[in-house]
Every structure is written in C-alpha cells, then in structure tokens.
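Start from chain A and add chain B according to the hints.
Chains as they are written, first to last, in the numbering used here: chain A, 104 to 602; chain B, 3 to 226.
Just so you know, these hints were derived from the structure itself, not from any lab.
For lysine-lysine, the following DSBU-like pairs were computed, each having C-alpha atoms within a straight-line distance of at most 30 Å: (1) B:K76 x A:K108; (2) B:K76 x B:K19; (3) A:K108 x B:K133; (4) B:K30 x B:K19; (5) B:K75 x A:K108.
Not close to chain A: a few residues of chain B, all C-beta gaps over 10 Å, as computed: (6) E7; (7) S25; (8) G127; (9) L178; (10) V209; (11) R214.
Every residue, glycine too, gets a C-beta built ideally from N, C-alpha and C.
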Amino acid sequence: MTRRKMFLRMITASLLRRRSRMLIALLSIAVGATILSGLVTIYYDVPRQMGAQFRSYGANMILLPSGETPLTWEKVQTVLDMVPDSELVGATPYRYVRLDMPSRQQSFTGAGTDFTQVLKTSPYFSVEGAYPENTREILVGKEIAETIGLKTGSSIELSYKQTADSGNTGSKGAEEGALLSGSAEGFNKAILKVSISLDEDEKISSIEVDSSSQTPGIGSNVGTDQAFLDQFIGKSLPLRLSGTASEEQGKGEDTGLIDAVSGATISSQAVVDAVNRTVSAENAVPVENREHFTVSGILSTGGEEESYIYMTLTDLGRLTGDELLDVAELSISAPSDELETLCSSITDLNIGVTPRLVKRVTRSEASVLGKLQALVFLVTVVVLLLTMISVSTTMMAVVSERRREIGLRKALGASDRSIRSEFLGEGMFLGGLGGLMGAVLGFVFAQVVSINVFGSSIAFQPLLLPVTIIVSMAVAAASCQLPIRRAVAIDPAIVLKGE
Amino acid sequence: MALLELKNVSKIYGDLKALNDVSIRVEKGEWVAIMGPSGSGKSTMMNIIGCMDKPSLGEVLLDGVDISKEPQKKLTDIRRDKIGLIFQQFHMVTYLTAVENVMVSQYYHSMPDEEEALEALERVGLRERAKHLPSQLSGGEQQRVCVARALINHPELILADEPTGNLDETNENIVLDLFRQLHNEGTTLIVVTHDPEVAEAAQRTIVLEHGRVAREIINENFGK
Chain A
104 MTRRKMFLRM
114 ITASLLRRRS
124 RMLIALLSIA
134 VGATILSGLV
144 TIYYDVPRQM
154 GAQFRSYGAN
164 MILLPSGETP
174 LTWEKVQTVL
184 DMVPDSELVG
194 ATPYRYVRLD
204 MPSRQQSFTG
214 AGTDFTQVLK
224 TSPYFSVEGA
234 YPENTREILV
244 GKEIAETIGL
254 KTGSSIELSY
264 KQTADSGNTG
274 SKGAEEGALL
284 SGSAEGFNKA
294 ILKVSISLDE
304 DEKISSIEVD
314 SSSQTPGIGS
324 NVGTDQAFLD
334 QFIGKSLPLR
344 LSGTASEEQG
354 KGEDTGLIDA
364 VSGATISSQA
374 VVDAVNRTVS
384 AENAVPVENR
394 EHFTVSGILS
404 TGGEEESYIY
414 MTLTDLGRLT
424 GDELLDVAEL
434 SISAPSDELE
444 TLCSSITDLN
454 IGVTPRLVKR
464 VTRSEASVLG
474 KLQALVFLVT
484 VVVLLLTMIS
494 VSTTMMAVVS
504 ERRREIGLRK
514 ALGASDRSIR
524 SEFLGEGMFL
534 GGLGGLMGAV
544 LGFVFAQVVS
554 INVFGSSIAF
564 QPLLLPVTII
574 VSMAVAAASC
584 QLPIRRAVAI
594 DPAIVLKGE
Chain B
3 MALLELKNVS
13 KIYGDLKALN
23 DVSIRVEKGE
33 WVAIMGPSGS
43 GKSTMMNIIG
53 CMDKPSLGEV
63 LLDGVDISKE
73 PQKKLTDIRR
83 DKIGLIFQQF
93 HMVTYLTAVE
103 NVMVSQYYHS
113 MPDEEEALEA
123 LERVGLRERA
133 KHLPSQLSGG
143 EQQRVCVARA
153 LINHPELILA
163 DEPTGNLDET
173 NENIVLDLFR
183 QLHNEGTTLI
193 VVTHDPEVAE
203 AAQRTIVLEH
213 GRVAREIINE
223 NFGK
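Extracted from the complex, chain A is given alone in its bound form (with noise of 0.2 Å):
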C-alpha cells in the first residue's frame, strides 16, 4: 500500500465514520456553492433576461438616412442581416408625410409603419379599437382624435399633395449617373412613376418606367414599349411630346421631342411630364392624391405619437407615390457595448444609414444592469465570507474535538507537514463534494429564480461544474487554515498526561 493510499484512506474514514460533524461543514460549503453558482448563473442571464423586460421602453437604436440618399426598406433589411436573430426584438420602417384633410382645412403628421412590427418596437402603444388590418385603415392619436372629434368607425379624406419639398424627387445635384427619379398623373390620375439616369452631359443614359398604375395592355405599355423608351436616350431635358404644346414654354428650347405610344397618349405624356419634373421639381403642378379612410383605433402613448395619424406603408405609398422612409426603429436586446459596436459597423457599410442609439433607453438600461450586477456580486461575495467562517468554525470544533487523536498522531511521529495536509485533505474534499452539490442545486436554485422573477428558463453552462467546484475547494481550503495552525500548535506530550 503506498502512502497515498492509506493518506486518502485516512480521510474518508474520519469523513464516513465521523459524519455527523463533517455533514454541517460539508452542508455549509455546499450552500455557499449552491448560491455561488446560482447567482453567477443569474448574473451571465441577467443581461439576457433583462434585455427583453427593457424592450418593453421601446425601440433602442434608430435607422436615419444619411446625406441627401432616402432610406429604403432594403438599407434596413441590409442592416438587419448583421443583427443575430435571437437578438432582433423587431424593426419598424417610419414614413413620416403632411397629410391635408380637405373638409376641415387642416393639416397633420401622417406616418406609415409596419404594424406587425409596432407591436414590438413600442410595446407602450395603447389603442383603443384595433390596428389597422384592412387598406384603408388608419390609426389616430389620441389628440387629433379629440381635436376633430374621431371616433373608431369614423370616415375622413385624406389627401397628399406632392411638392418639391415633400422629398420624392430627385434634385439636381445629384451626383452623375445617380438614378433620379420623378412621378406624375397619368390616365385617369393614376400615378406613373419614371426613373432615369444622366451622362455627364446631362443626357438621358437610361430610362425605366413604372407604368403599372395605367390601364393594363393600353397606358402600361409606356413601360414595355421599347421604341417608345429608346426615344429618350441620349436626349437633354425639358423633353415635350410631338403635338402638343410644351410645359416648359417660354422657358427655353425644347430640346427633344418624344411621339407618344399610339393609344396612350395620357400616359405617354405622363412619361414626359416625370421626367422633365426628374430634374425640374420646383416647377412640378403639384400632384394631389386624395382617398378615404376609416379609423380603426385611436392611440394613445402621452407622447408626440397621439397627434399622429398612422397608416400602412401601402396606403401612404399610395398616397405618395414612392416606396422611401424617413427612419426606422429597431428593438436590439443586447448590451449597449455591443449596441455600439453594431453602430460602428453600420457606418461602416456606408450604404447611407446612420445609425443612433436610443441614448436614454440604453443609458438607463446599462446603469440598472450595472446596479444590478453589482449586487449580485456583493451578495456572492458575502456568502463565500459566511461560508468561509461558518466551515471555518466548523473545522476549528473538529481540531478541538479531535486534539487527541492529533497529539497521538505527532506522538507517533507526525510531521508538521503531515498533520497540515491531512487536515487540507479533509477539507478539500469537502471542498470538492460541497462544489458539486452546490453546481446541481445552484442551477435548480437559478432555474427557479429565472422562471419565477423573469418567466424563463436558462440553459445549463458546463463551465460553471469545474468553477463551482474549484471556487469551493479554494473556500474550504483557506477556511481551514486558521484551525491547521490550531492543530500544529498541539502538543503530542498530551497524550501522555493521563485523563
């Protein structure tokens, strides 16, 4: 038998045949464990956790378009692809719009969004009645509501009347062989709508036109019609429609003359008029689209909100002629330090998104979770102390409990060394099978707080066993050190000096 043997030998048997003693130090370490690695369980699930409960404050990042290029629904989706899916709470695309209503003579902020995603980017939302499911259906802020008098059911016209600040068409400083883009009414006041792009000589390079919108297999041939559309190539603006009279006259020179599809000759000067207003904006007549709407709900958020009307981006689109956002809103649950980091790399991607944090939202989010951490490695820290005294104590009865069999054990020959490793070896093993019990139960221990205080569970970290388990040994093995020099300090002539 080697020493080892009969040393590890010597340790179970004063742990098995003395339990009684052993089991209260043993109990202490284990529920120093248990709390040690409950709470650092809880403390690498608590931004997760919490993360989710701040959503609810609303969207922490927002998308803006950066310089004179508008925000489009592909920019965000671009952006969203770098945010992990379990990450992303939700984004919201804003088109924000000066709406009229004719039969009042008023004016309001009209915006479209995703409902879908409203839901979960401003969770604080309160409606009255519905979202808006049907086309045609429009939520109201609370305040434009009370101002009018709406109610849920109530019909209004709304009309958009599309100016050369209202931000749809392009300008002319537009960097060269930019696609600018342009609309106008065509056949029965439906909106057409043209793209085109210019050489440096500020000819027509290409042309594309949306003619969906006229009637089909006659005014939408405008768009397929390529004899009709290779006119425009290579041509200078203003461009005027053979027979008739120009828009631009008395302005200056016709400089190009287009002969319109046979059959389509609104739309064919639709065609024209876009893409002279591609350019020539300020001078556009002025484009009023006007449809009916029923409320659906009235919103009220005690914010700027309630003196919005919201619509679907397809209503406003429809409205407006273009498909462009002002912002978009997203709800990221994760820390701000990584918030920041996605901020840079958006910039980064220079496809004309700026991105900003929601300051006040990630702000406070940071400092409560930075609270929050806090105490829970103050309370970690506490228990390990308590712990450490409470076996601490434990261990000191046992070397008083047990100064015989030590002063036997020196008598017999004991080294200082021995006695002190011998005791070491006890405690480490306590150690080491409190840090195990206290692994298990500290994960059912955090198991139970997470779906209690958060209402969700947390999944195991295998890391946590060796930690725990390491963590309690060195607990234990400093807590025995005052009792070891207790014990060295025995005088093995004890044994000697009868009862």
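This is chain B only, laid out in the frame that chain A set:
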C-alpha cells in the same frame, strides 16, 4: 553500550524542580521500570525520554545523540525512528480500524504495509479483530493493538507509560508476556509504573522521589 543516558538532568518550572539533577543509564536490551508516587517526576522524565520535552539543564544521550540540544522538528524524527510509545489510555484513532491504527504508525515512519500490520496484530493475538473499530474492542484488546503499533517499526526503545494502569489482571499478564517476548528479542524497554508487580517484571527498577533518583533495585528473580 548505553542506549540512553541522562546526565545531571533538571527540569525546572518556575520554583518547582520537577527533575533535580537526575543521572541514569539504560543499556541496550535492558528492561527498566521507573517507579514513584505522583509528583515524583515520572511524567517529566517520560516526556524528556520520549523526545516530547527538553530538560532545563543536563544532557540526554539517546543512541549517542544529545537530544537536549536538538530542535523540535528533529526530535519528532528521532521519536519516530527510535521510539515506540505505549500509553495508559491506549489512544487509538477512533475512526480507524485496529489494523489501520497500526498502519498509521507505519505511514508516519515509512510505508504502510497491511500484511505486516496484520502480522503484528497476530503477534498480540488480535488478527481476527483487525477490522474492528476501537469502540468495538475491549480495553485489553485496545492496549494490545497499541503494543502492536509500538513494535511495528522495530524501534530501539519501547517507552510505556502505565501500560497496565487501565487493565484487568488477565490483560495485564498478556501485556507483560508481550514485553517479555520483546525483551528476549533484544528490544530495550522502559516502563513507567506505580504498580510493584509490573515493576518486578523488569530487570531493574529506578525509584524517583521529589524529582530525584531515590534508589535503584535490581530484580534478583528476573528470568526465573
């Protein structure tokens, strides 16, 4: 040659001279009893011989080494290597079995060897009780385990402190018989006792009184 020699040894606690200028010699292989009433200095002498205490004055030569000058750590080594101890209260490790208690002594000395430990128990007639805990053994059996433990490392000197003080006559005789065997094998025995019968079993008795050697008695009947 003397295994143990005390030269003018005194142990002074304040005003009290527990040992006062004591000189004794114990030859290798000798069996000596130390007697005396309570307070005569027996325990003090035992502590000094057992390397658990140092004299205030004088020299203690154990196997040629002056142990009164050695540091505490060295004394532990000397005790472990040269001395087998037997106590009045037996003193076993309560949570270890008989054989494990014997092995503890091996463990501190060199290498635990269960077979050898069992042989030692066989010698004291307790092989079949090897797996019993001290609480399951009688006082006599416990003391026999202690004898086995004391002799397991083949010490030069067996130092026994009232070895039969807590035993009945039957067990006392068993222990004394064991001592006789050890003596015949050449082991040096020093037995501290106040029991004249135990003292008479030895070759020579040193009587202490008030910290001094009062007289020495040679046992004429030894070996007869």
